[in-house]
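Engineer: Top line first, the protein sequences correspond to chains A and B.
Note that our numbering has the first sequence beginning at 1, numbered continuously upward.
Note that our numbering has the second sequence beginning at 1, numbered continuously upward.
Because the hints were derived from the structure by calculation, they are not lab data.
Just so it is clear, CB atoms sit at the ideal spot from N, CA and C, and this is done for glycine as well.
Be aware that one or more of the hints could be misleading.
Stated by the list, open to error - Okay, derived cross-link-like pairs now, BS3-like style, lysine-lysine, Cα gap no bigger than 25 Å in a straight line:
id	chain 1	residue 1	chain 2	residue 2
1	A	K36	B	K42
2	A	K19	A	K53
3	A	K41	B	K69
4	A	K22	A	K40
5	A	K22	B	K63
6	B	K59	B	K79
7	A	K38	B	K42
8	A	K22	A	K53
9	B	K79	A	K40
10	A	K19	B	K42
11	A	K40	A	K53
12	A	K36	A	K19
13	A	K9	A	K38
14	A	K53	A	K41
15	A	K9	B	K69
16	A	K22	A	K38
17	A	K36	A	K22
18	A	K36	A	K18
19	A	K41	B	K42
20	B	K79	B	K69
21	B	K69	B	K42
22	A	K9	A	K19
23	B	K42	B	K63
24	A	K40	B	K42
Unchecked claim - Quick list of simulated restraints, FRET-style, between CB atoms:
id	chain 1	residue 1	chain 2	residue 2	range
25	B	T67	A	E44	24 to 32 Å
26	A	R111	B	T76	30 to 38 Å
27	B	E81	A	R111	19 to 27 Å
28	B	N94	A	S65	23 to 31 Å
The residues making up each chain are set out below.
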Amino acid sequence: DTEVTQTPKHLVMGMTNKKSLKCEQHMGHRAMYWYKQKAKKPPELMFVYSYEKLSINESVPSRFSPECPNSSLLNLHLHALQPEDSALYLCASSQDGPGGTDTQYFGPGTRLTVL
Amino acid sequence: EDQVTQSPEALRLQEGESSSLNCSYTVSGLRGLFWYRQDPGKGPEFLFTLYSAGEEKEKERLKATLTKKESFLHITAPKPEDSATYLCAVLRDNYGQNFVFGPGTRLSVLP
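Isolated chain B, as found in the complex (with noise of 0.2 Å):
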């Protein structure tokens, strides 16, 4: 069965505090990974598209990699205003546009 989950369901980090987000997943045949970020009460903000293995991406304070079996968001001197729920997300082959979502992680960054 297709499954994606996220590691750790929730972490707390001090401001500057470098960290990485977990994303595993088994699915038959990945066309991307999407990295979402989602404040409360409000819909996700999409962040990433990785699509084959071996693939960076990196905006401001994240960084986002693809291996065959798993992605990692990397924060590195995470903000307060960083805090949020991290949601990642596949595209299956032959499955069309239906979006298998991870749990999210929740993260707080303390000033």
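Next comes chain A alone, as it looks inside the complex (with noise of 0.2 Å):
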């Protein structure tokens, strides 16, 4: 089973609302990321959790905090988005760590609209 699971599947929110995605993998999986991806665009790396560890935070400004409860599940936390912040948020998932592969299982995203 190679399935990442995303909640919710679309959100709209205005730009004083607090929300939240949530991402969830069974796999067994250590590595877990956050995309961003724009209409036409390939994805844009936000966030890499390996071990629930932050360990890439890709410039992101700080309206977006990601956590990481435990293995199986990340979260993002929005707050005073812009409009230009909407788009398909796209969570991911590696084995990372010795003898894993590299490959990147991806969720079906949430598609966020910032009004």
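Given two chains presented individually in distinct reference frames, assemble the corresponding complex, making use of the accompanying hints.
Structural biologist: Put into structure tokens, the structure is as follows:
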């Protein structure tokens, strides 16, 4: 099973709202990722968690706050977003660690619209 | 500067008309090259991983190959359901799990 799940599928929020995106995997993967994807563009890496610790932050604005409560869950907390933050937000996971493959498996994404 | 390019940007094929998509890369130390398929509004679906020049992998109508400078995704006798954007991504030595994605090729297969 190579399934990564994401909730919600769609989210509409105002610029003053606080919301969270959730991601879950049960493949025993130890690396998890958040990507942002605009229309007709490839995914852009935002954050990487390795063994539940933040290992990469691609200079993402502080209005995006990641959290990794345990090895299966990844959250992205959103606050005071701008309309230009509207995009498809993708979660991915990979095995990481010695002997692990590097293949990243993506979830279906959350379509975020900021009004 | 490390770079991944894909060509063509868009491709329209008739059903059954075989063709190839190209992914060219200039990176310092290739650790792996990955192909994904992405339908509109959905997450990328993993297709293949290639690690060394000369490696080939096949799955149904798709075959991926790798050289020292590029990778090809060959589509044999495509069907309309093969219509999607095909993304390639590379991992580089000393850059951890940070993918460099190509811009993608949008494939349309007409019945």
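Engineer: Quick one, are B:K59 and B:K79 close enough, alpha carbons at most 25 Å?
Structural biologist: Holds, at about 14 Å.
Engineer: Decide if the proposed pair is consistent with the structure: A:K9 and B:K69, CA atoms, cutoff 25 Å inclusive.
Structural biologist: 38 Å, violated
Engineer: Hinted pair, alpha-carbon criterion (25 Å max): B:K69, B:K42. Please report holds or violated.
Structural biologist: 29 Å, violated
Engineer: Taking 25 Å as the top limit, are the C-alpha atoms of A:K9 and A:K19 close enough?
Structural biologist: The given pair, whose Cα atoms are some 13 Å apart, holds under the 25 Å limit.
Engineer: Sort out whether B:K42 lies within 25 Å of A:K38, counting only the CA atoms.
Structural biologist: Within the cut-off at roughly 12 Å; holds.
Engineer: Below or equal to 25 Å on CA atoms is what counts here, so check B:K42 against B:K63.
Structural biologist: 23 Å, holds
Engineer: Just to be careful, I want the Cα atoms of A:K22 and B:K63 compared with a cutoff of 25 Å; is the pair within it?
Structural biologist: 34 Å, violated
Engineer: Taking 25 Å as the top limit, are the C-alpha atoms of B:K79 and B:K69 close enough?
Structural biologist: Distance of about 29 Å is beyond 25 Å: violated.
Engineer: Between A:K36 and A:K19, does the CA-CA distance stay at or below 25 Å?
Structural biologist: 16 Å, holds
Engineer: Given the proposed pairing of A:K36 with A:K18, does the C-alpha separation stay at or below 25 Å?
Structural biologist: Between A:K36 and A:K18 the Cα gap is close to 18 Å, so the pair holds against 25 Å.
Engineer: If I claimed the Cβ atoms of B:E81 and A:R111 lie 19 to 27 Å apart, would that claim hold in this structure?
Structural biologist: 23 Å, holds
Engineer: Could you tell me whether the CB distance from B:T67 to A:E44 stays inside 24 to 32 Å?
Structural biologist: Holds, since B:T67 and A:E44 (Cβ atoms, about 27 Å apart) stay within the stated range.
Checked against the numbered hints above, the structure breaks hints 5, 11, 14, 15, 20 and 21 and satisfies the rest.
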